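Engineer: Given the sequences, and given the hints that come with them, work out the whole structure.
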Amino acid sequence: MAWLGTLWLVNVVLFGAVAWVSVRTIRGQMLDTVALYGNSFLRRTLDQPLDAALGAISTASVGLILVVILVVALARRRFTLAVMSAAIVVGASATTYVLKQVIDRPYLGVDPDRAYAGNSLPSGHATAAAAFAIGLTLVLPPRARGVVSLIGATYAAVVGVATLASGWHRPSDVVAAYLVVGGWAAAAGLVLVLTQRPTAVVVRRDRAGWSLVTSAALGTGLVAMGLTVVLFVAERMTDPVEWMAPAMLRLGYVGSVLVVAGAAYLMMAVVLFSVHRVVPRDPGRAAPAGPGGWPPLSVIRPPEATG
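All you need for the numbering used here is the position in the sequence shown, starting with 1, plus 71.
Simulated from the structure, these hints should not be mistaken for laboratory data.
Every value quoted in this text rests on a predicted model; they were computed, and no experiment measured them.
One should not assume that every hint holds.
[What the hints assert, rightly or not] Estimated spans, in silico, between C-beta atoms of each pair:
#1 Thr96 / Met296: 20 to 30 Å
#2 Val169 / Trp314: 29 to 39 Å
#3 Val169 / Thr96: 16 to 26 Å
#4 Trp314 / Gly280: 48 to 58 Å
#5 Ser111 / Ala288: 27 to 37 Å
Using N, Cα and C, we set each Cβ at its ideal position, and we do this for glycine too.
Structural biologist: Right under this line is the structure:
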């Protein structure tokens with residue numbers, strides 16, 4: 072439980088740091104603007120597909136996400152898990168909406184083209200994608216968890232990069248969205264641990280293996296490379312940003328893409344690290360009692376024939 076509480080606090084602190092630097096400081100706004108100016112080469116080639124993909128994520132799609140997660144959890148007879156997985160989706164989406172309204176983005180003379188656009192942190196699209204990935208990972212049985220978790224992390228990364236490539240969001244908006252979802256996942260995990268039944272059993276073989284290693288390795292590698300590139304560009308930024316060489320702007324965009332993609336995989340790696348404890352096996356649910364407290368006939372094995 073201490074781990075989950077600490078994880079929640081880490082997500083909150085990191086969110087505050089990302090929001091402060093990217094919204095309230097000139098340097099942070101400049102780095103975000105570099106990525107937006109540098110995305111033009113991809114924007115020209117993938118304009119319509121990107122807009123179509125992002126347009127598919129709407130209120131209706133969030134409702135569909137909830138239905139899928141609830142159906143899977145209820146089919147496994149994990150009612151508390153169904154509620155908490157849904158809470159991650161609804162809570163993260165609501166938090167993102169509220170934060171976007173209350174966070175004030177001052178105009179610091181950095182990005183005149185978007186001076187009146189207002190705050191866009193965190194990204195609602197990235198929030199929905201990340202919440203779906205984590206929610207589905209939690210409700211699935213251990214055997215299916217590994218492959219689906221990587222697909223989900225990749226989906227969250229693709230949506231996050233698409234919002235950046237299409238010019239809908241800044242890099243910090245996407246990273247902040249992942250932190251919002253991570254915070255809700257940690258809080259939901261803490262509730263799940265506190266409400267576990269006495270029959271719940273943590274099984275070592277249910278621990279994530281190759282999927283955890285893969286997510287952690289991809290996340291760490293991508294974020295490390297991305298930050299290296301972003302810091303390289305940061306040392307060569309000019310004011311105003313539009314005076315920078317096109318090649319340097321594109322390099323800043325590529326570095327931001329690497330950080331965004333890596334953050335999605337790191338988010339999933341943290342979930343995989345503790346999911347076997349948050350959602351342990353519960354033999355008490357496998358065979359509900361029949362009339363009089365006896366197990367149903369379907370689970371009573373007939374005696375072996377003799378002779």
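Engineer: Any of the earlier hints contradicted here, and which numbers?
Structural biologist: Violated hints: none; all satisfied.
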